[in-house]
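With chain H held as given, fit chain L onto it using these hints.
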Amino acid sequence: MSEIPVFFLHGLAYAGLLFLVSAGLTLVFGMMNVLNFAHAAMYMLGAYFSYAIIMQLSGQFWMSLMLCPVLLFIIGALIERFLLRRVYKFGHLQELLLTFGLAFIIAELVKWYWGNYPLAVNIGTILTDTVPIFGIIYPVYRIVIMIAAVLVGTAMALILYKTRLGIILRAAVNDSGMASILGVNVPLVFMGVFGFGAALSGFAGVIAGPLLSTYPGMADAILIDAFVVIVVGGFGSLGGAVIASLLIGELQSFGVLLFPKLSMALMYLLMAAVLIIKPSGLFGEEQ
Amino acid sequence: MKQKYITLSTISAIVALFVAAGFMPLLLPEYNLNMLTEIIIFALFAVSYNLLLGYGGLLSFGHAMFFGVGAYMTAVAIIHIPGLSMWNAVLIAIGATIIAGAVIGALLLRTKGAYFALLTLAFNALFYAIATKWTSITGGDDGLGFDRPDLVLGFTTVSMATITNFFYLTLIVIGVVILFCWYFTHTAMGKTVLLMRENEDRMKMLGYNTNISRLILFIFTGAVAGIAGSFYTLHFRFVSLSAIDSMGVGAAVLLITFVGGIKTFWGPIAGAFVYIILQNYLSTITDRWPLFIGLIFVLMVLFIPGGLSEVIMNIYQRFFGRKDRNEGASVAAEEVKS
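Residue numbers (our numbering), protein chains in the order written: chain H, 1 to 287; chain L, 1 to 338.
Honestly, the hints are just simulated from the structure, not real lab data. Certain hints may be false.
Covered, in the sense of this in silico footprint (three residues per stretch, anywhere, with C-beta under 8 angstroms from a C-beta of chain L), are these stretches of chain H [unchecked claim]: (1) 77-87; (2) 91-103; (3) 179-190; (4) 215-229; (5) 265-278.
Chain H is nowhere near these chain L residues, computed Cβ spacing over 12 angstroms in every case [stated by the list, open to error]: (6) Pro29; (7) Leu33; (8) Pro82; (9) Ile92; (10) Leu107; (11) Leu109; (12) Thr111; (13) Ala122; (14) Gly139; (15) Phe146; (16) Leu151; (17) Leu171; (18) Trp182; (19) Gly207; (20) Arg237.
The beta carbon of each residue, even a glycine, is placed where N, CA and C say it ideally should be.
Bound conformation, chain H alone (with noise of 0.2 angstroms):
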């Protein structure tokens, strides 16, 4: 059974993808209580980006890799600022609105620009490169994507409970009015965070745009499995995504290869036991 080692590998980059996209998402609505329903058409923007910044503007791939979270920071931060800072007094349902319409003009706007197709990212050797491990030989690329993920996910952490920054953030969303005449700039915070959260969706767009291929259609098919990370792991906790991205992963890639009929629905049955046993995920707060 030599397949068992690749397939496990497979399940392992797979989950670094998801953690990479569904971190961001995590992130704001444990922060900011807003789920952003365009995390994944920004994701979708950071492969975008990339093909531009290294097919078109023939750059190179660790360049891409630092512009492109950079970029989407800005864009999340204007889209804070000018759009979403107006339609929190009116509540949740407009939020959610409101970044459902963003979905629909990036996607569109995609189309638009770079044409309804798939589009190849040529990052040269990496790519393509094997090395062995376990006995197999495996893609660089596909180790590169788990060794990103671990990085993040650790920096991330680091900073929310080692650092300064880190309480400020805490301290902002757990009472923001407090933390407010205590001098903390919170709308600011929010911009901050909300940017942050774009430019996490962004890299893990670079990253996957040479793997999955860059398509308009590439936001919709990682958004359902993003959505259902964070919620088998718990709105809002760090560590639950991490859980549910690894167990998404290896379900998604053992699936294909033990029952390749009823894969698809194995995600499904997941959230459903999850949300039978414990509704508001393996990690999150009750509601």
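What follows is chain L alone, placed relative to chain H:
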């Protein structure tokens, strides 16, 4: 104080609307009559959605699954059961949506808010995946086409091959279902739904089982959406994946309801008129229709969160001076006070 909701003016308005609609086949060309039929069907879909969103305060991104289950069950039943009458096809569709609503509702009944929104989206994705993959039954990407069965009334059989006859059937059946929804909002159950939205904790304190009420609302609105889906399929004599897509009809019903206004019962019906006409017009001049959907969403949320019904009510008050019974507040809010 119990407020009378069936007043002479409401009854006459409803009768006038039915009579006016009844003359439409004589006045409108076939193309517009098709459009009007579509409007009526989407009006019912949006009314059922608004019962969930406006009255219940539950944002669902999965209403398309009930519409889709109704649509697919109708088509599948007509194709696989020879000689099935139209009534039975619709009844099968309603039965299927009730079962789907009960199962999903039972899983979701403890969740609210963004959680509920997201889970309904996920379950919708499951149904969409089934419709895509189970090609032997659903036809997959190709969809299902069929002939509209005739209407058997016991003493006579009415051919449904022409749009005029089908329009009358749609008008009567869907009109009655919309009226029933309106009646529903005035029943004790309808009031419970409203009060639950306003203050669930207090309802619990008063001894109401809010989870069960939410489940009943979910199943009821799902079944009504299933009727709309069933008629949608019968109208087009065809069903495809867009009928069960949360980004297809799901986004459409959200936009219709929101454009019309979630604070009144009739808002979504007005929204259906605007949306279907706009869509038919815009899709002839541009294929960037989703871009307009997104723009309308964002602009509505930012500038007219109350929707068309709010705008109309404001204009009405400005020009007719007379303060409305509820002083321009939402009808739904008025219900809470009574």
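Open item on the list: Quick check for students: does the CB of Thr111(L) sit more than 12 angstroms from each CB in chain H?
Closed with: 6 angstroms, violated
Task: Least C-beta distance between Leu151(L) and chain H, which was stated to exceed 12 angstroms - done: At roughly 38 angstroms from the nearest Cβ of chain H, Leu151(L) sits farther out than 12 angstroms, so the non-interface label holds.
Task: Separation of Leu109(L) from chain H, once the least beta-carbon distance is taken, above 12 angstroms - done: 9 angstroms, violated
- [ ] Test coverage of the segment 215-229 of chain H by chain L using CB-CB distances below 8 angstroms; three residues minimum.
- [x] holds (count 4)
Task: Status of Leu107(L), Cβ more than 12 angstroms from any chain H Cβ - done: Violated: least Cβ distance 5 angstroms, not greater than 12 angstroms.
Open item on the list: Can you confirm whether chain L covers the segment 179-190 of chain H, using C-beta to C-beta distances below 8 angstroms and requiring at least three such residues?
Closed with: violated (count 0)
Open item on the list: Just want to verify: Phe146(L) was marked as not at the interface with chain H; is every Cβ pair farther apart than 12 angstroms?
Closed with: 27 angstroms, holds
Task: Within 8 angstroms of chain L's CB atoms, at least three CB atoms from the segment 77-87 of chain H: coverage verdict - done: holds (count 3)
- [ ] Closer than 8 angstroms, Cβ to Cβ, for at least three residues: run that test on the segment 265-278 of chain H against chain L and report holds or violated.
- [x] holds (count 6)
Open item on the list: If we take the beta carbon of Leu171(L), is the closest beta carbon in chain H still more than 12 angstroms away?
Closed with: For Leu171(L), whose nearest Cβ neighbour in chain H is about 31 angstroms away, the distance exceeds 12 angstroms, so it holds.
Open item on the list: At 12 angstroms, judged by beta carbons, does Ile92(L) keep clear of chain H as stated?
Closed with: The assertion about Ile92(L) holds, with a minimum of 24 angstroms to chain H.
Task: Cβ separation check - Gly139(L) to all of chain H, threshold 12 angstroms - done: Answer for Gly139(L): holds, closest chain H Cβ roughly 18 angstroms.
Checked against the numbered hints above, the structure violates hints 3, 10, 11, 12 and 13; every other hint is satisfied.
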